Amino acid sequence: MIKNRSIVTIDDVGDDDLNEIFTAAEEMDKLIKSGKKISILESRIMCTLFYEPSTRTRLSFESAMHRLGGGVITMADVKTSSVSKGETLADTIRMADAYSDVIVIRHPLEGAARLASRFTSKPVINAGDGSGQHPTQTIMDLYTIRKELGKIRGLKVTLLGDLKYGRTVHSLILALSKYDAKIKLISPPSLRIPEYLLHRIGDKSSVEVLDTLEGNIADTDVLYVTRIQKERFTDPNEYQSLIGSYSVNNNVLESMKRNSIIMHPLPRVDEIAPEVDQDARAAYFRQAANGVPVRMAIISKVLGGI
Amino acid sequence: MTEDQTLKISKIKEGIVIDHIPAGKAIKVLSLLNVGEHSGHTVSLAMRVKSKKRGFKDVVKIENRNVAESELSVISLIAPEATVSYIENYNIKEKRMLSIPDQITGILKCPNQNCISNTKEPVQSSFRVLSREPLLARCEYCEREFRGNELLGKL
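Chains A and B supply the protein sequences, listed in that same order.
Residues 1 to 306 in this note's numbering are what the first sequence spells out, letter by letter.
Residues 1 to 155 in this note's numbering are what the second sequence spells out, letter by letter.
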């Protein structure tokens, strides 16, 4: 049960919790579409602390809390807050603890959400820590796969792109390994998945590490594409040398199954050509739209609203 | 130690004897215990002494010095099979076998430069030991797993 518990990594969410969240997200989706007033979390307050830029995650978390009837307080800009005066994250969290019921944090350093969870009795939800994890994105991704293809277990999933720095894939690969997925990891050699993650998957799932898309996606059910994480590179020349090293276009689509899907956590740069958007298999905008009902379900479960 | 070896280092009246240190690591052990030129302790050190178990080993004896529990944890990381004998009036009062603890807290720096535990936050580094031989531990904050050489590099 995730009631009153922090979600820092995907391991904090058990299999039963995931199924409950999926069911609740379907209910939330219906409630949103019904246009009825929702008061599940009336008088509850969520504090969002975003130390890194975010569009979809922040908006969908805040939208989710408003839809549930709760309130949102936020640190508008790190530059205008006490953080710029040298306040530690621990002290900021102590304040957020006093002002809210649940804390959502995105931070450029790995382990920030775990640290935050140790300085508050309120649940902390990790909305991305450096190149660490992004567990609510993973729950949303699993929900999307389930909704689009009817199941998750045993699917052939190909993850393409920056697997070294892309935190969404770090959480996702750990989750997929619990569903007996057959995973292919395709990336430029310098952006391969970190060894420690492969070690954690162990023999829980079949994993192939590959360098090229060509000839490797004919039987794929889900092609999950990520952008090169420019902000994580210390050497700009290294980033420049990798731009355009992979791209999904209509030629790639032709080699994929009719009943497969293409996902992307967004924002995209040039790794998926706009021509792909017209194809029914392009699921990334539907995936982004799932962010609100899924996060409504997660916040409600954590705060014990349902 | 055998009779032949005791001739090399004489018995001490009060203090500690750290035996079964991997050959060549004795100086490192002394440095971790901050025992040196200015510490005021008399130290006897034997390097590359023949050992039945490991072929060769190092031994150190530090007079009028005790070791705290936290220091035993540090020593265990570089000398996991070491023994520490507490000597009183030439006799062994207590002998401890070292072993790497389940949790290593406040001793090692996380090798991940981007880990929050390396900042000014009021927390100590903390690693959960996943394997002792070979050493493999996971940072409690960034969740990265590190091998012994990565963890002990800056020790």
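Keep in mind that the hints were calculated from the coordinates and are not lab data.
Keep in mind that this is a model prediction, so the values were computed, not measured.
Careful, some of the hints might be misleading.
[Stated by the list, open to error] Label-pair restraints from in silico Cβ distances:
{"no.": "1", "chain 1": "A", "residue 1": "Gly150", "chain 2": "B", "residue 2": "Ala68", "range": "57 to 63 Å"}
{"no.": "2", "chain 1": "B", "residue 1": "Thr105", "chain 2": "A", "residue 2": "Asp180", "range": "33 to 39 Å"}
{"no.": "3", "chain 1": "B", "residue 1": "Gly106", "chain 2": "A", "residue 2": "Ala76", "range": "35 to 41 Å"}
{"no.": "4", "chain 1": "B", "residue 1": "Ile9", "chain 2": "A", "residue 2": "Val78", "range": "39 to 45 Å"}
{"no.": "5", "chain 1": "A", "residue 1": "Pro274", "chain 2": "B", "residue 2": "Gly106", "range": "48 to 54 Å"}
{"no.": "6", "chain 1": "A", "residue 1": "Ile45", "chain 2": "B", "residue 2": "Thr105", "range": "31 to 37 Å"}
{"no.": "7", "chain 1": "A", "residue 1": "Asp11", "chain 2": "B", "residue 2": "Gln113", "range": "22 to 28 Å"}
{"no.": "8", "chain 1": "A", "residue 1": "Val78", "chain 2": "B", "residue 2": "Gly24", "range": "45 to 51 Å"}
[What the hints assert, rightly or not] Listed below are the simulated SDA-like cross-link pairs for lysine to any residue, each with C-alpha atoms no more than 25 Å apart in a straight line:
{"no.": "9", "chain 1": "B", "residue 1": "Lys109", "chain 2": "A", "residue 2": "Ala90"}
{"no.": "10", "chain 1": "B", "residue 1": "Lys109", "chain 2": "A", "residue 2": "Pro194"}
{"no.": "11", "chain 1": "A", "residue 1": "Lys85", "chain 2": "B", "residue 2": "Asn114"}
{"no.": "12", "chain 1": "A", "residue 1": "Lys164", "chain 2": "B", "residue 2": "Arg138"}
{"no.": "13", "chain 1": "A", "residue 1": "Lys164", "chain 2": "A", "residue 2": "Asp12"}
{"no.": "14", "chain 1": "A", "residue 1": "Lys204", "chain 2": "B", "residue 2": "Val129"}
{"no.": "15", "chain 1": "B", "residue 1": "Lys120", "chain 2": "A", "residue 2": "Pro53"}
{"no.": "16", "chain 1": "B", "residue 1": "Lys120", "chain 2": "A", "residue 2": "Lys178"}
{"no.": "17", "chain 1": "A", "residue 1": "Lys178", "chain 2": "B", "residue 2": "Glu37"}
{"no.": "18", "chain 1": "B", "residue 1": "Lys120", "chain 2": "A", "residue 2": "Glu52"}
[What the hints assert, rightly or not] So the derived list for chain B, only partly shown, Cβ under 7 Å to chain A, looks like this:
{"no.": "19", "residue": "Ile116"}
{"no.": "20", "residue": "Glu121"}
{"no.": "21", "residue": "Arg144"}
{"no.": "22", "residue": "Glu145"}
Here a beta-carbon is modelled for each residue, glycine too, at the ideal position from N, C-alpha and C.
Quiz item: When the nearest CB of chain A is found for Glu145 (chain B), is that gap smaller than 7 Å?
Solution: holds (4 Å)
Quiz item: Holds or violated: are the alpha carbons of Lys120 (chain B) and Glu52 (chain A) at most 25 Å from each other?
Solution: Within the cut-off at roughly 19 Å; holds.
Quiz item: Can the suggested window of 22 to 28 Å be confirmed for the beta-carbon pair Asp11 (chain A) and Gln113 (chain B)?
Solution: holds (24 Å)
Practice problem: Evaluate the given range 48 to 54 Å for the C-beta pair formed by Pro274 (chain A) and Gly106 (chain B). | Solution: 52 Å Cβ-Cβ, so the 48 to 54 Å window holds.
Practice problem: Would you settle whether the hint for Ile116 (chain B) is holds or violated, based on the nearest Cβ-Cβ distance to chain A being less than 7 Å? | Solution: holds (4 Å)
Exercise. Would you mind confirming whether the straight-line C-alpha gap from Lys164 (chain A) to Asp12 (chain A) stays at or under 25 Å?
Key: Within the cut-off at roughly 22 Å; holds.
Self-check item: Whether the CB-CB distance between Ile45 (chain A) and Thr105 (chain B) falls inside 31 to 37 Å
Solution: At roughly 34 Å between Cβ atoms, Thr105 (chain B) and Ile45 (chain A) fall inside 31 to 37 Å, so the hint holds.
Practice problem: Could you grab the alpha-carbon distance between Lys120 (chain B) and Pro53 (chain A) and see if it respects the 25 Å cut-off? | Solution: Holds, at about 23 Å.
Practice problem: Sort out whether Pro194 (chain A) lies within 25 Å of Lys109 (chain B), counting only the CA atoms. | Solution: Roughly 20 Å separates the two Cα atoms, so the pair holds.
Quiz item: Between Gly150 (chain A) and Ala68 (chain B), is the Cβ distance one that fits in 57 to 63 Å?
Solution: holds (60 Å)
Quiz prompt | Distance restraint evaluation - Ile9 (chain B), Val78 (chain A), Cβ atoms, bounds 39 to 45 Å | solution = violated (59 Å)
Practice problem: May I ask you to test the interface hint for Arg144 (chain B) with respect to chain A, counting a Cβ-Cβ separation under 7 Å as satisfied? | Solution: holds (5 Å)
Consistency note: the structure conflicts with the earlier hints numbered 4, 16 and 17.
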